[in-house]
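**Q** Letter by letter, the chains look like this.
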Amino acid sequence: MTEQTATQARPTSSLAETARRYALFVLLALMLVGFWIAQPAFINSANLFSILQAVSVVAILGVGVSITMSAGGFDLSVGSVAASSVMAASYLMVVLQMNAIETMLLVLAMGALIGLANGLLIVRVGVPDLLATLATMFLLAGLQLIPTGGRSITAGMMLPDGTTALGAYDPAFLILGRARLFNTIPYPVIVMALVAVIAWFLMERTRWGRVFYAIGGNETAAHLAGAPTKAYRLWAYILSGTLASLGGLIVASRVGRGDVSAGNSLLLDAVAASLIGFAVLDKRRPHVLGTVLGAIFVGVLLNGLTMLNAPYYTQDFVKGVVLVGALALTFGLGKRKR
Amino acid sequence: MTEQTATQARPTSSLAETARRYALFVLLALMLVGFWIAQPAFINSANLFSILQAVSVVAILGVGVSITMSAGGFDLSVGSVAASSVMAASYLMVVLQMNAIETMLLVLAMGALIGLANGLLIVRVGVPDLLATLATMFLLAGLQLIPTGGRSITAGMMLPDGTTALGAYDPAFLILGRARLFNTIPYPVIVMALVAVIAWFLMERTRWGRVFYAIGGNETAAHLAGAPTKAYRLWAYILSGTLASLGGLIVASRVGRGDVSAGNSLLLDAVAASLIGFAVLDKRRPHVLGTVLGAIFVGVLLNGLTMLNAPYYTQDFVKGVVLVGALALTFGLGKRKR
Amino acid sequence: MSLASPSPAKIAVSVSGIEKAFGPTRALAGADLVVEAGEIVALMGANGAGKSTLVKILSGSISADAGTITLGGKTVSFASPSEAQAAGIATVHQATDQAGAAGLTVAENLTLNELCGTGNFFVSGRSIRKRAQEIAAAIDLDLPLDRDFIDLRPAERQLIAIARAVAAKASVLILDEPTSSLSSTEAERLFAVLRRLKASGIAILYISHRTGDLAAIADRAVVLRGGRVVASFARPIDFSAAVAAMIGRTLDASAHDGKPSSAPILASVKRAVLVPGARPFDLDLRSGEVVAITGTLGSGKSRLLRALFGLETLVEGGFTIDGKPWLSTGPSYSIVRGVFMVAEDRWASSLLPPEIPGATIAGTIALPHLPRWFPSGILNTTRERLAATQAISRLGIKARGPDDTLDQLSGGNQQKVVLARWQAAPCRLLLLDEPFQGVDVGARADLIAAIRGSQSGSATLIATSDTEEALEVADRILVMRDHSLYEADGSHGSLAAAIGSVEAAETGNVTS
Amino acid sequence: EGLAGAPAPFDKGGVKIAVVSFLGSGDWLQAFEAGVKRQAEALGIEANISQARNDINQERELIQQAINLGVKGIIINNGQPEALKDVAQAAIDAGIPVVAYDVNIDNPKIPQIEQSDADMARLVLEQAIKDQGETFDGGVVYVAGFAPLDRRYAVWKDFQKKYPGIKEIATWGVVNDTVAASVADQTKAVLAANPSLKVVFTPWDEFARGVKLAIDEAGVADKVKIYGVDISTSDIQAMREPNSPWLATAATNPAVVGEVSVRALAQLIAGEDPGHSVLIQPTLVTQKTLIDNDIKTIEELQAKFPAFKDSDAAKKDWIPAAK
Ligand SMILES: Nc1ncnc2c1ncn2[C@@H]1O[C@H](COP(=O)(O)OP(=O)(O)OP(=O)(O)O)[C@@H](O)[C@H]1O
Ligand SMILES: Nc1ncnc2c1ncn2[C@@H]1O[C@H](COP(=O)(O)OP(=O)(O)OP(=O)(O)O)[C@@H](O)[C@H]1O
Ligand SMILES: [Mg+2]
Ligand SMILES: [Mg+2]
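Chains as they are written, first to last, in my numbering: chain W, 1 to 338; chain L, 1 to 338; chain Z, 1 to 512; chain V, 1 to 323.
Calculated from the structure, these hints are not laboratory results. Hints may contain errors.
Claimed, not checked - Straight-line alpha carbon distances no greater than 30 Å define the calculated BS3-like cross-link-like pairs of lysine-lysine that follow: (1) Z:130 / W:283; (2) W:230 / Z:324; (3) V:130 / V:162; (4) W:230 / Z:10; (5) Z:398 / L:283; (6) W:283 / L:230.
Could you build the full structure based on these sequences and the hints that come with them?
**A** Pasting the structure below:
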């Protein structure tokens, strides 16, 4: 209706904006080159694929977290869902002697169900997101240990009733985590790529994705515009739960046994990945591509540092420094004045 | 003017409201009575004080978290600030041979400084709260280990340069964590009570508390009403950092050595306490009293279960179940219909 | 919805016996209303009469306690907004904070109904922009499509909501105060669109406190009072009778005569340039004066007020207050020195979520005065509630008491609380940006009386897009055009002539 | 700069190995790595040291990464067999020799180095029976899922079968950021609920510290005694405190474990056979020995107990002693 002058009238804005958009890509490239120079073995394809494989689980969980975040929620339970899925998969195969397909389907269903439970607690009962998923987190951390009385699950283990478990990991199941396509690309990487592409498509190229974001931006507005917001929020948690259990399946098939773990570090890494993703392409909101890139970013950093024989405690430190640097760069350049 | 009822139209609303307000108190009372019947030793004053002592650190950290939450932020770094404070206190006394007073002041100053750094990153640079404090969290998790090369700190330890540390924990320092007032009340409990009362007074009874909440509710509105919102947000993080380092001091003085830890479980427990606090008195917002009660609630549960010799893995589970139950009760009763 | 055969006599929507209570508040107590296809019905009523509640029920966002809704001859009940939309009801809600979602672009918000409803499943930035352009074109809206919704001003938000509702191709269109932040130019443009829609047989329910708007387009006026329909007026509408039915007394909305004041100059603007390239302008505010600035959307009214309050900086020029240079560093600086501002978007600028302490009427009024009222830092709630209770009775705020949270108040009553906040302390310069948004005529008269009554030793500068309002409240009216101030024709004779001269100035047909 | 007189490739130097630990932190790991570094230095080896931080999946990645890096040999320190067998095999397939410490990879090509958790637990529990008799109410601090703890706990269970007079009246434990403080809180509850408790078995020194804290705070040091596993300087000091309830502990010297691992791997790299199983014997350390011999630090313990300082395992003439 009237002429619109943008508030940022400065001529430098487009330069700063470009810098912000690609800051993390540039940093990633610099890191790759830096590590390559310091340690030529870093850049061979086996190592690059093992980086991708190492980040696949965190990236998959991170995608789930970023979907719930885009719908205005937050799923603190992804770590423990993944950990419980490892236990569940092991239990199904080792104790209940199921095969790979049955196990995978049941575990994914379990993840979806937990997501549904989270969602119902939030949408129906009205518990705040953080609170509901935190409760689920604690609940699962304990629940996963009850069937075996706190023991890890391995073939031939002693059950609480004194009998011995008769089953074992189905070799077909181990393919998921351990084999490689064309003897090059590890399956977890393919799963991660599929999840990323599908989720990206869902969130950026379909109506549904926009509704998720609209709900995150203003739930009332989305509701008034006709979106069944409760159903969407439920679905966000179902997706997140399912993805977390998919991540758990990958861990299980890599590890080959059911180990006690609360999944806290998975949670924090997944959250970190999706938060770093905010800065990718200067979106300032959760998004799939950013999350995956965030996970890869951290993965490359840790792999490179390990190759350079940095003591383990410098890793967290460097992770923190790079995070702060990247953030300061991205957000500092784009500081909005009020 | 007129009697005050909530928005719900149902005639039962005042009953439901009362139920909601006191749900957690009632549950706590039931738990106390239940454990008492099951194990008479539960109710003796030494045990009750040891529960309070056990929750003191989490409660103090939780108060910090809830202050940042009320100002619309979120401090993910409290756990690692506490963990770093343990290391710092030990380093100051064991390696640099400082005394108790110097150590405490320096460690508290360190906590405040970290809080300030968090705050500046958020307020000046414009990094989102979660992101900034997550970065700090990782940074500290690594940083705390660098001075000793990853070793935990004890008297007579070997330093990275091959010499032996000459200092030791100042016995006066150990009083904070180990001694009792009148031989009954452990000092950490007194510190917790002081922190709780002061923070409660600050947040609920002074204009500063009002402004913290106003900023959390609508930062623009608070700014337009003349509040120096950036300064307040800075202060929230400074308070939170200082409280976290106070928590760390208590841990250090109980344990008597500098142990390596990332502080993740402290973080999660502190967040849990402040989130449970939402439900206390049906406030649906972070508040100090709720946080402390939330911490005590979990502490009583764990203590009672330990007394009843419940396997450790049931504890997380029961924690989760009780959380879900309490939340469902509180929020389910208060569901607002559209 | 097929609109092939518009039949003027056909009833498009009717409600009967609708009741709705919020706790002890009976918002609707058996309201009946009929809107025919091809008819524009004005729904009038004082603040808190229940208009928005009725709209919310019709649009499916809340459900009625009793009563029936008939749409196109069939009894319907809506469990959600999407059902109402599917049934052919499009709504523009009063609250501009619910007009769209932050984080989404203007284009996405323009197509929000389709995204949230049953639009194309596959979308891309380009397809959304294309569709958004069509939607915007329907009401001649020209906004940068890639801007984030959060950066829009209330007027722009309102226009987006209107564009969306118009594009919905509904059989019933409900507009709840759509022009509350629009200037007369934009409002005129909206009326043209509404007339076109009306001609195509759409039933329109139109809510506004601007009688000028209603006079321009309404075929019929229905007055709601205490949750019940108390009167109905056919065209030509007798507005003074309607207002009497609304608020129980008559008003004479006369302009103040612009006799030049000779009081000392309190504040002045010198050679101010608001944006680069704009023409510099001067402005003197005399003690006791009330000056209004009107102008089209985006002309820079808010910017001037914000600059005075310290939220923006001038490109060139400066301000003086009491002869001393005035350069505020921000709200806290200004407030301490008695310069107060009511910002234009009450949701973003004043309202707090209900669960936090201080979200009550008492807390909202007290917030900027906390340091002065409680220098020791310790709160005394009696003090706050006393101020709130006074404001409630002085401004006739419809609430249960000072502890009501603002989300429980009707839009107009929220606005009164926001104004009451700044009357709770003595001030030098009061800056009001769109102060009467959604305030009913009766309350507006009260507010104006209050503003004019407290004028000794202070000045008031009002930015408003409603010329009528400006004439009612101000001693002097200036027009903002292209970020520069122009004097409107000084002597306004009749009200209509005055409006004409101001509007001419707005569009730039007057030399200054 | 090679090692004169050593077999290839040590004669030329520049040998690079990877040391992958399952643990993430702690004194044990620090000492182990110190031992690794000492012995590697003596052999002119460059050791790439990394930690999986209790994440078994991460340990796989790290081993995979070591293979990518093309090291000459890999030491796997702790972990779980199911998860590591195939990557260990992948290393062997790539021609990289592997030795494993305290994780049964079950591969004839991979020598196993063991400190025998069972022996440690047995030593200290036998001491407990010697001190306290065959009948007592006992408690154990235990959290499942940590392999060494599982093995030590199994011995405790066996003792109960062997000595019916020993009753396990309480089991508790927690692993979090503040193990000692949290275990202390739990222990206080246990002490209040079980006044008859006499012996607490703590299969990890961190647990022992927590229990000691609780016993001190509850003032029952004369009634309840601690029998633990593992040792460090601060443990020694805790045991030496006046009226300390911590009576005995059993441990191997982690630094020695590190040295032995490197020596065994060096032999493999040189084409020699260190034997399939390399055992490191634990030492029993009692409060009395510490006080009688005036031992205050690990270094002094090593000086007074040569068996603790060094092991003959996997020694060869061409391998210089670690300094
Ligand atoms: N959510 C709510 N909770 C409690 N009371 C409410 C709520 N919504 C509306 N009310 C009350 O219902 C009454 C009618 O409100 P409504 O918003 O319909 O008024 P309105 O006619 O639209 O007024 P305005 O002209 O000010 O917008 C008011 O007294 C208001 O306080
Ligand atoms: N939040 C904002 N983001 C971007 N541009 C803005 C913003 N606020 C104002 N502007 C720009 O500043 C100019 C002046 O706007 P201002 O709000 O002062 O106009 P106004 O006359 O008050 O209009 P309105 O009637 O819409 O309130 C406009 O061109 C507008 O585009
Ligand atoms: Mg209304
Ligand atoms: Mg404006």
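**Q** Against this structure, judge whether each hint is valid.
**A** Structure-based check of all given hints:
no.: 1; hint: Z:130 / W:283; in the structure: holds, 22 Å
no.: 2; hint: W:230 / Z:324; in the structure: violated, 57 Å
no.: 3; hint: V:130 / V:162; in the structure: holds, 14 Å
no.: 4; hint: W:230 / Z:10; in the structure: violated, 37 Å
no.: 5; hint: Z:398 / L:283; in the structure: holds, 25 Å
no.: 6; hint: W:283 / L:230; in the structure: holds, 24 Å
Hints 2, 4 from the list above are not met by this structure, while the remaining hints are.
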